[in-house]
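Visitor: Please put together the full structure from these sequences, using the hints given.
From first to last, the protein sequence lines are chains Z and P. Residue 0 is where the first sequence starts when you use numbering that gives the first Met the number 0, and the numbers rise one by one after that. Residue 0 is where the second sequence starts when you use numbering that gives the first Met the number 0, and the numbers rise one by one after that.
None of these hints come from the bench; they were simulated from the model. Just so you know, not all the hints are guaranteed correct.
Result set (DSS-like, lysine-lysine): computed pairs, CA atoms no more than 25 Å apart in a straight line [said to hold, decoys possible]:
1) P:Lys-18 with Z:Lys-84
2) P:Lys-216 with P:Lys-4
3) P:Lys-144 with Z:Lys-84
4) P:Lys-6 with Z:Lys-105
5) P:Lys-4 with Z:Lys-46
6) Z:Lys-105 with P:Lys-4
7) Z:Lys-46 with P:Lys-2
8) Z:Lys-84 with P:Lys-24
9) Z:Lys-84 with P:Lys-84
10) Z:Lys-22 with P:Lys-87
11) Z:Lys-46 with P:Lys-6
12) Z:Lys-84 with P:Lys-2
13) P:Lys-144 with P:Lys-49
14) P:Lys-49 with P:Lys-187
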Amino acid sequence: MRWGMVINLTRCIGCYSCVVVCKTEHFLPPNVVWNRVLVSETADSYKQIYPILCNHCREPACVDVCPTGANQQREDGIVWVDADKCIGCRSCMMACPYQVRVFNEKPGEYFPGQGFTPYEKMRGKLYPLQLGTVSKCNFCLEKIDEGLKNGLNPGLDREANPACVNACPASARIFGDLDDPYAEVCIALNQGKGYQLRPEAGTDPCVYYATR
Amino acid sequence: MLKVKEKPYEFMVFPTVQKAWIEGKGILLWAALFFVEFGASLFLVSSFFKCLWGQTAGWLIAGVLGGGCHFFFLGHPLRAYLAIKRPKSAWISRGLLVISLFQFLGLVHLILAYFSTPVFWVMVAADVMAVAAVLYGGYELADVKSIPTWHSSLLPIQLFARSFFLALGVMLAIYLIGGVETIGYGLKTKKWLNIVLLINIFLFIAYLINLANEEGKKRLALDMMLKGDLKLLFWPWVGIGGMIIPLLLVAYSLVIGVASTPAGVLLIAVILQLIADPVMRYCMMRSGSYPALLPGWRSEAR
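Guide: Given below as structure tokens:
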């Protein structure tokens, strides 16, 4: 089993829903972003929209360079950070060719000067981020694990899907098991001629981009 | 051209400079690598000339300044032992381990030297660890595969050579201040200081040539230093201060005769190169950049 994602670029409308829902799901402060949307125009005025998140690479550079073993890869391919082991050396941030990792500094306020909202205060209780450590997208592994425990099928059942997949209004994000050839994610990958970002980095990402 | 501060919407759309190891607390890593490499080099050079004050100064610079900057750079410094326990995992682990061993063996050597008879093998062991500590910084940077200009097998050797000859220059300069005309092995201090100054200039130029070769036609980092956001830092301190003025001073020394050169002339050159080296390292770390992510832009420099 290897969890992965296909993002259909012809469906993505650049609405930033994935960015917002990721922040609300994980109570992320303003200076911490796990999901990004890169927008640019090429020389021939062709607009490119690329939603970016941790690629949960098969050969993760971040795991190789971690001096303490805080960066780990599970058997299902999810790369996660054990904040209790992280010393905050930022080697993983440097090693990541996709720059999707964030160093947790003192959280800022969404309404500067007005203190934390009740919602922001809940972060400490529900999803604390350790200061001085590195964080990143974890494919909402709590939801996946909880779903599997309850007999759900991530990729098919919304309750077991990453938040960004559920929130995408254009269904541009397809999540599932890349080892299952009949999974929707594999079909989308084959039909859409999925490709990886910066394959020359040699990390073999599990997030693919499709153009059909 | 690369910019120090890109607009938020330019992040990774264009080649993007690294920030984790140069901005905020990240600047402490730049200071840590310089102090460790310079301090350990000073210890090493002083060992060749059996210079106890040099060994003490080198040990203190590497330990107090280098080790201190390393400590405060980490987000959770009290967990650093987790890294030291796993030297096979990453260069930062190996670095913290060799710095710790260098500090321990250096301290044992200094205690024996000051209060008893120095033991040759303890000093050799401390020197071996000093070499490892000097090499660590270069390997740490060269191990970052995502930044093409750093991922060079020559970088550790260049940084080692620069640290070594900078420390040698500083030690010779301090001998000169003390009025020592001939140091160990019958070497004339002024003559060797001239040679060391020239070697340092050559090493600065060699780094820039290597950078140009690594980058090929794009030359993003090199242009950032020579023509871009770093030019006001690079030219006064490295270009003029580290290379042109020392070259002129060495030429002046050769014209009037090495033996009759005033010590102040050579001291100025050494001080300027002592400033130029960390500035050059800063420029190198500041200009390290990630290639753009989007396929349409990957092959295009802005």
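Visitor: Can the restraint linking P:Lys-18 and Z:Lys-84 be considered satisfied, given a maximum Cα separation of 25 Å?
Guide: holds, 23 Å
Visitor: Does P:Lys-2 lie within 25 Å of Z:Lys-46 when you go C-alpha to C-alpha?
Guide: Holds, at roughly 23 Å.
Visitor: Is P:Lys-6 close enough to Z:Lys-105, meaning Cα to Cα at most 25 Å?
Guide: Given pair P:Lys-6, Z:Lys-105 holds - Cα atoms ~22 Å apart, limit 25 Å.
Visitor: When you check the alpha-carbon spacing of Z:Lys-46 and P:Lys-6, does it fall within 25 Å?
Guide: holds, 18 Å
Visitor: With a cut-off of 25 Å on the C-alpha distance, tell me whether P:Lys-4 and Z:Lys-46 pass.
Guide: holds, 24 Å
Visitor: CA of P:Lys-144 to CA of Z:Lys-84, is that 25 Å or under?
Guide: holds, 24 Å
Visitor: Z:Lys-84 and P:Lys-2 were given as a pair; does the straight-line alpha-carbon distance stay at or below 25 Å?
Guide: Violated. Z:Lys-84 to P:Lys-2 sits at ~34 Å, over the 25 Å cutoff.
Visitor: Is it true that the CA of P:Lys-216 sits at most 25 Å from the CA of P:Lys-4?
Guide: This hinted pair holds, its Cα atoms lying about 23 Å apart.
Visitor: Would you check the hint for Z:Lys-22 and P:Lys-87, treating anything up to 25 Å between C-alpha atoms as holding?
Guide: violated, 36 Å
Visitor: Mind checking the alpha carbons of Z:Lys-84 and P:Lys-24 for me, to see if they're no more than 25 Å apart?
Guide: holds, 20 Å
Visitor: Hinted pair, alpha-carbon criterion (25 Å max): Z:Lys-84, P:Lys-84. Please report holds or violated.
Guide: holds, 12 Å
Visitor: Verify the proposed pairing of Z:Lys-105 with P:Lys-4, using a straight-line Cα cut of 25 Å.
Guide: Between Z:Lys-105 and P:Lys-4 the Cα gap is close to 21 Å, so the pair holds against 25 Å.
The structure does not agree with the numbered hints 10, 12, 13 stated previously, though it agrees with the rest.
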